[in-house]
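Those protein sequences? They're chains A, B, C and D, same order as listed.
Read left to right, the first sequence gives residues 5 to 351 (my numbering).
Read left to right, the second sequence gives residues 5 to 351 (my numbering).
Read left to right, the third sequence gives residues 385 to 778 (my numbering).
Read left to right, the fourth sequence gives residues 385 to 778 (my numbering).
Heads up, a few of these hints could be off.
[What the hints assert, rightly or not] Facing chain C, a subset of chain B residues (Cβ under 7 Å, in silico):
#1 Asp61
#2 Gly136
#3 Pro137
#4 Gln173
#5 Leu177
#6 Gln234
#7 Pro238
#8 Gln301
#9 Gly305
#10 Met308
#11 Tyr312
#12 Ala315
#13 Thr323
#14 Asp330
Don't read these hints as lab results, they were simulated from the structure.
Since the structure is predicted, the reported quantities are computational estimates derived from the model, not experimental observations.
By construction, the Cβ of each residue, glycine as well, lies at the ideal position given by its N, Cα and C atoms.
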Amino acid sequence: MLLDSVRRYFRENRPPDTRWARFGEGQRQPPDAWREMAELGWLALAVPERLGGLEADWDTRLAVLREAGADGRPEPLDVHLMLSDLLLRCLPQGQEEATAAAIMAGDMRVGVVELRPRAGPTGGNALGGESGPVYGAGASHLLVLVHAPGRGCRLAWTAVEGPGLSLQQGRFLDGRGCLTVRFNHCEPRWLDASGHHVRDLMAAGLVADCTGALDGAFRQTLDYLKQRRQFGRPLSDFQVVQHGMAEVFCDLQQAVALTRRLAREMNAAQGSACDSLPAAKAFLSRRLLRGLGRLIQLSGGIGMTEEYPLAHYYKRAQTGAALFGDRGEQLGRISPVATLLGSSGCG
Amino acid sequence: MLLDSVRRYFRENRPPDTRWARFGEGQRQPPDAWREMAELGWLALAVPERLGGLEADWDTRLAVLREAGADGRPEPLDVHLMLSDLLLRCLPQGQEEATAAAIMAGDMRVGVVELRPRAGPTGGNALGGESGPVYGAGASHLLVLVHAPGRGCRLAWTAVEGPGLSLQQGRFLDGRGCLTVRFNHCEPRWLDASGHHVRDLMAAGLVADCTGALDGAFRQTLDYLKQRRQFGRPLSDFQVVQHGMAEVFCDLQQAVALTRRLAREMNAAQGSACDSLPAAKAFLSRRLLRGLGRLIQLSGGIGMTEEYPLAHYYKRAQTGAALFGDRGEQLGRISPVATLLGSSGCG
Amino acid sequence: MASLFDTSELRSFRAEVRAFIHEHLPAEFAAKTRAGLHLHRDVVGRWQGILNRRGWGAPHWPLSAGGTGWDTYRRYIFEEECALADAPPGDVLGLFLAGPMLIAAGSEAQRTRYLPGILAGCEFWCQGFSEPNAGSDLASLKTTARRDGDHWVINGQKTWLTEGHQADLMFCLARTDDSVKPQAGLSQFIVDMKAPGISLQPILTMDEGHSVNAVFLDNVRVPGENLIGEPNRGWTYAKELLTRERTNNAQAPRTKRDIIALQRLAEAHPGPDGRPLMDDPIVRDRLAGLTADFVALESAVLSVLADEMAGREPGPEASILKIRGSELQQRVTETAMELLGEAGVVLEPGYGGGPRDPVARGWVERHLFRRVVTIYAGSNEIQRTIIARTILGM
Amino acid sequence: MASLFDTSELRSFRAEVRAFIHEHLPAEFAAKTRAGLHLHRDVVGRWQGILNRRGWGAPHWPLSAGGTGWDTYRRYIFEEECALADAPPGDVLGLFLAGPMLIAAGSEAQRTRYLPGILAGCEFWCQGFSEPNAGSDLASLKTTARRDGDHWVINGQKTWLTEGHQADLMFCLARTDDSVKPQAGLSQFIVDMKAPGISLQPILTMDEGHSVNAVFLDNVRVPGENLIGEPNRGWTYAKELLTRERTNNAQAPRTKRDIIALQRLAEAHPGPDGRPLMDDPIVRDRLAGLTADFVALESAVLSVLADEMAGREPGPEASILKIRGSELQQRVTETAMELLGEAGVVLEPGYGGGPRDPVARGWVERHLFRRVVTIYAGSNEIQRTIIARTILGM
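Looking at chain A on its own, in the form it has when it is part of the complex (with noise of 0.2 Å):
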C-alpha cells in the first residue's frame, strides 16, 4: 500500500525522464517535494510511535529506499528514513517532541558528515578543521561522525547555521547537492551513540538506494533492448545479448535479496548493525557497479548521454559505492568464519 503509492508518487511528480532530459541545467530538488513527502506520510515512518510517528519495520524503510534509487531521486530520504529514531533517541527527553514534530513536518532536515582530524583529536570538545562532504542535501542540522585516532568514532550533532561552521556548495557525482563544512570551534552537542554505528546505518541505505538504481535501469535496458533493432532484428535477440542481461539479472537478484536480508536482520538486532553490512556494501562497491557498467555497453551510445537514465543511475551507485566505506574497507571488517559463522546464526 505505502509502496504503490511511494511509487505513484514518484511516477506523477517529475519522473526521471523529465529530471535527466534537462540535466544541464543542474539536478535540482523539486522545491516542494519534500514538504508533499512529509504530507504523505513518508517523514514519519522513521519516528516511534509514541512521538506520533509510524515506526515503520525495516523492510519498509529500506523497500521505499529501493524505490527512490529507482527513480534517481534527489531528496536525502535515506538519511530520514535510517536515522531519525537513533537521533530521537539521543536527545534529551525534553526536546525529542519537538524535533519528532518538526522532522515529521520537513521542517528540520538531517545531514551526515565525518570529520577525520588528521592531526589527533582536537581540542576539547569544539569541533575543527574541513570535513568530508556532507549527506543529504538541503540540511539544517548535521549529525557528525568524528573519528578520534583510538577513540572510535564519536557522535555530534549541530544546528547548520550556528557559529563555528562555514559551509561551502558542491554536488555529489551523480548531480545531488552537496555541501562541504569548515568547523571553526564549533561547540555541537556531543550525544550518547556510537559514529560506527551511523555509518552502517547509512551504509544499509545505500545498499537499498543502489539496488534500486541497478533495478530502474535494468528494467529500462531491458525495454530499450526489446524495441531497439539492428542488423534487422531486436537487440534482444542476440544470444549473447540475452546473455549479458542475464548475468546483470543475477546480480540484481543477489542485490535485492541483500537488501531483504539486511531490513530482517536490523528488525530482528532492533535497528542495530547487521552482520552482513559489510558484505553488502563491499558486494555494491563491486558487482553492482560493474552490472550497471554493462547495461551502459549493452545500450551502446546512448547508455553514455546525460539525456537517457542510465549514465545517472550508474553515477548514483558510483556515488553510493564511495560513501561510508568504500570496498577495502568494508572487506577489512570482514573475517570469513567469524561473517559464514555468525550470519546465519550457526556460530
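Given chain A's structure and the hints, the job is docking chains B, C and D onto it.
Only chains B, C and D this time, still in chain A's reference frame:
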C-alpha cells in the same frame, strides 16, 4: 626448419591423443624419446658453439618449448634448453667439454629443485632438509636453488646418485614425473651464479610451455566446436560460443606476444633475466589458466575427461603457474613505474 | 547474530541436529568427506541409514512419503549442520532426482517398491539422460524403447552417468514415439542395472577419479510396470526434475564450509616467507571478497526459501542460484590452489594417488572435478538462456 | 633495459624526440592534457602546428603526403614520448581517419586542398557515419545524397559526431543508390560544416562534457568534386578506415602514462588511516596486476609493430588490441576511482565544474567518459564477432 622438424617428430612419435587416451596407465616418458631428441640435435641448442653446440637464440629455444607445450610432451626439454649454457659457464674449465658432450648425447639429465631451509641457513656448506619437487623428470644431476634468508638464492650442483641424498618418486599434477629429495649433509659443488636468475629462466621456459598448452588446447577446441552439433547446428554457430572463443583468442595472442617479447629481451640481455618476466609469469598464472578453463567450459563434459586433451593442458598450465614463482610472488616484484619505464627503454 | 534463523525455536532445532550429528557421525566418515570427492556407496548409504532411523532420511520429501514435515528453514539448517560437520552428502540421484520424480509421477506400486530403498540408503540410482550426441540438447536423443508384449525393449547408449558403477537402478529417458516432435515422444523407465544387455564403461575424469560412466543398452528388457507415469511424458518429468536439481545445485552450505576450511588452510599453511598465509593482507582481502560474494549467494538462497515458506514453488529464478553457486564453488578451489602453491601440484606416484602434502588433500581433487559444476545439470550457458527467455521475455 | 627499442639508434632517436618535446611543449598544454578530456581545438591545433613545423606532423602518413619516413618502431617511440610528456593527443579525426582515407582514395586535388590543413592543425574534421537507427549496423543508414547537376544534395541525420562542434569539415557516408544491396549503394562526401542546411545539436555525455553532437542535413548542397573516390564505394573506404582506427585504439602509450600516474596518485593520496595508499599491500598488488596486464597488451602491440616492420599490413588481429586495450583503459580509471574514494564523488557546483579535490581532476571525467571506449569504433561485441568469423572461421 628446426621447428618443422620438431612438429613432425612430435606428430609421428606418440602424439598426445595416443598418450592421453591411456592416461590411466600413467604419463610415462617414451623410453627412447630423450635419446632421439639428442640425435635430432635439440639438446645441443643451448650449448655454446665452442663446445660443439648449436648456440640457438632465445626465439628458437622458446619456440621449441611452445611446441613441446602444445604437444604436452613429458620430457623436460625446458630445463635443458633454458639452462645448459648457464650451467656450462659455471663449471670449472676442465669439466666444460665433457659435461657439454654428456648433455648433448642425452646422458646427463638436469633437474632443478628449490630448497628453503625453514630455520635459517644450513650449517657450513652442506645441504640438509627436505626440498620442494624436482622439476626435470629422470634427472641424473640437480641444480639446487638454496634460499638462504637474507642471503638471497644460491646455486648448488650435485649428482643424484651421490651420498647425502635420498629420493622419493612422485608426479606433478599433469602426470609428469617428479622427485622429492631429502638432503642429509649433502656436499654439493657451489656455483658462482645467482639462483634467482635460474628461477627466472625456468619461469620464462614455463611461460613458453604453457602458451603452447593454451595454443594446443585452443586449436583442439576450435575443431571440436566446428564439428559438434547441438540443437541442430554446429556449436561454433552460436554467438556466445563465438564470443567465448574470441575472448580466449585475445589471451592466447597476448601470451604468444609475451613469449616473443621475453625471447627478444633475453637475446638483448644475453640470457640474463628480463624485465617482463614477472608480468609474463603473473599473466600465465591467471589469464592463461582462465583461458584453459573457459575452453573446457565451451567443450562441455568431454573437456573434463582423461581421454580428451583439454584436461591435460589445463593441468599442465596449473603446474606451470605454481612453480618458480607464483602470481603473488611475481606481482610482488613489480613496481609499476620501474617496470613500465624500464621495459621499453624509456626510463 | 541477527538472522532469519535467530528464533528460539530454530536455535533449539539447530542444537538438536548438531547434537545428533555429533553423537552419530563416525569420525572416519567426516574424514573421508573432507579428503575425497567420490565417496563409496557404503559410506553414503550407512550415514543415510543412520539419518533414516532417526526419521531424517529425506527432509525435503512430503511427510506421507517419508519426509520430516520440516519447513524450509529447518531443512536448510539441517543441510547446513550436515555440511559444517563434514557429514557425507546425501545421494543426489536417489534423494533429489529419482525419489521426487517417483513421488510426483510414479505409481503407488513404484513408490512402495523403490522409496524405502532410497530412504534406507541401501539402493542407489543413476540417471540415463545424456547421450554422446545429446548433451545439453536432450530433445535429440536416440535411445529407443519399443513395446514387446508386457515388456519394453531398450536400445541405445547413455553417457555421463554419475556413480553409474555403484548404482542398482537407472531412470532412463528413451524415445517411444518417432512420429511426433522430438520432445513429445520420450518416456521414462526404471531399469535394473543388472539386467542382461547392459554394459558399463568407466569414464575417467581430470581429477583422476572414476565417478562417471557410459552405458550401452543392447535389447534390454524392462517390465511394463517400470514405465514412470504416462508414456510420452518423459520430457516433462525430466524438466521438472532438472529444475529441482538446480535449487540443490547452489550448494550454499557446502560452500560455506569450504570457505571456512580455506581460512583454516591459510592459518596453517606457510607462505614463501615462512609465515602463515593469513598474515598476508592480500590473502585476507581475497578471502573477505569470497565471503562477501558468498553472503550475496546465501541471501538469494534464503530469499527462495522465504518464498517457499510463503507457499511459492521455486521457479526459473533458481537458475541464478545454479549460476552463481557453481561459479563460487570454482572460485573457492581456485583460491585454494593459489594458496597451496607447489603443495597443490605434487602428487603421490600412481594414478589416483592424490596430493602428497596432507594439507592439499581434497582441495586438488575438488578443484579439478569442479570444472564440471558449471557444465552439468544444464550448463550455465543453458541457464542464462532460460533466464533471458523465461524470466526476461527476450 | 632489455628491449625491442634498446639499440643505440633508437635510444638517440628517443632522446631527440624527448628533448624537442621538453623544449617546445608549453606547460599549460601538458596541464590541460592531464586535467581534461575534451581539449579545445586551439590547444590541439597549436601543438600540431609546432610538431608540423619540425616535420613531425603526421609520422604515420607516407613521406610523399607529409609523413616522416620513420619506421614503425620510431613512430611508436614518438607516440610514447608524447604520451609520457602529457602532450595533447593528435586529432584522431584528421590525422588517423580523414587524412589516411584521402591519401588512399581521394583525388590529387582533394589531397592538395585538405592535407595541409590537417598537418598544420588549422582545419578540423568530424565523421558522419552513425545515425539514430544505424549505430553498429552502418549498412542500414538512411541519409541520402542525390545528384543535382554539378552538385550532390544530402538529406538526413547523423549522430555521435565527436568534436563536430569544433570541426570545419565532415566526411559523411550517404546512400547514393537504392537499387543495390544496402552496403553497395553508399558513397563518401566531404561536407563543409558551414554549408547552409546543416544544423548541429550538442549531445551531453555522462562526464558532463560536450564532445559529441548530432547533425541534421537539410538539402545540403555539396560540389561534385567533394565525392571521395568512386561513387558507391563508400562502405569499402569506411571499413578500411575503421580497421586503421582499431590499431590506434589500443592506446597503449597513453595507458602506460595513466598507470604511472596511478602510482603517483597512490603515493600522494592518503587512505582512511592517513598513510599513503601505496603503503597498502592490497593497493600495490592491484597496481602490479594492472601493470602485468598492460605488459601483455603492449607485447601484442609490439608484435603487430614487428609484423608491420616486416611489411605485413595490420589485419583483423588488430581487433584483439582494441578489445584488450579498451578494457584496460576502463580498469585503470576504475582503479583510480577506488583509490580516490570520497574525493572521486564530490564535484564543484555548476554543471561541468569537475571534481573539487585537485587530486581527482581528470580521473573522474576520464572514468566516466571511458565507458565509451568499449562501445565506439566498432563495439567490443562487434570486434569479437569479427575475430570469430574472420580469423577463427566460425
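Checked hints:
Checking Asp61 of chain B against chain C: minimum C-beta separation of about 30 Å lies over 7 Å; hint violated. With 7 Å as the threshold, the beta carbon of Gly136 of chain B comes within range of chain C, its nearest partner Cβ sitting at about 5 Å, so the hint holds. A hinted interface residue such as Pro137 of chain B counts as satisfied when its beta carbon comes closer than 7 Å to some beta carbon of chain C; here the least separation is about 5 Å, so the hint holds. The beta carbon of Gln173 of chain B comes within 4 Å of a beta carbon in chain C, closer than 7 Å, and the hint placing it at the interface holds.
Contact between Leu177 of chain B and chain C, as hinted, is supported at the beta carbon level, the nearest pair being about 4 Å apart and thus within 7 Å. For Gln234 of chain B, the interface hint holds, the least distance from its beta-carbon to any beta-carbon of chain C being 4 Å, beneath 7 Å. At its closest, the beta carbon of Pro238 of chain B sits 12 Å from a beta carbon of chain C; the interface hint therefore is violated under the 7 Å criterion. The interface hint given for Gln301 of chain B is met, as the beta carbon of that residue sits about 6 Å from the closest beta carbon of chain C, less than 7 Å.
Given the 7 Å rule on beta carbons, the hint for Gly305 of chain B holds: about 5 Å separates it from the nearest Cβ of chain C. Contact between Met308 of chain B and chain C, as hinted, is supported at the beta carbon level, the nearest pair being about 5 Å apart and thus within 7 Å. Residue-level restraint check for Tyr312 of chain B is violated (minimum Cβ-Cβ distance to chain C is 9 Å; threshold 7 Å). Interface hint at Ala315 of chain B: satisfied, since its Cβ lies 3 Å from the closest Cβ of chain C, which is below the 7 Å cut-off.
The criterion of a C-beta within 7 Å of any C-beta in chain C is met by Thr323 of chain B, whose closest approach is roughly 5 Å, and the hint holds. With a cut of 7 Å, the hint placing Asp330 of chain B at the interface with chain C holds, because the nearest CB-to-CB distance is about 5 Å.
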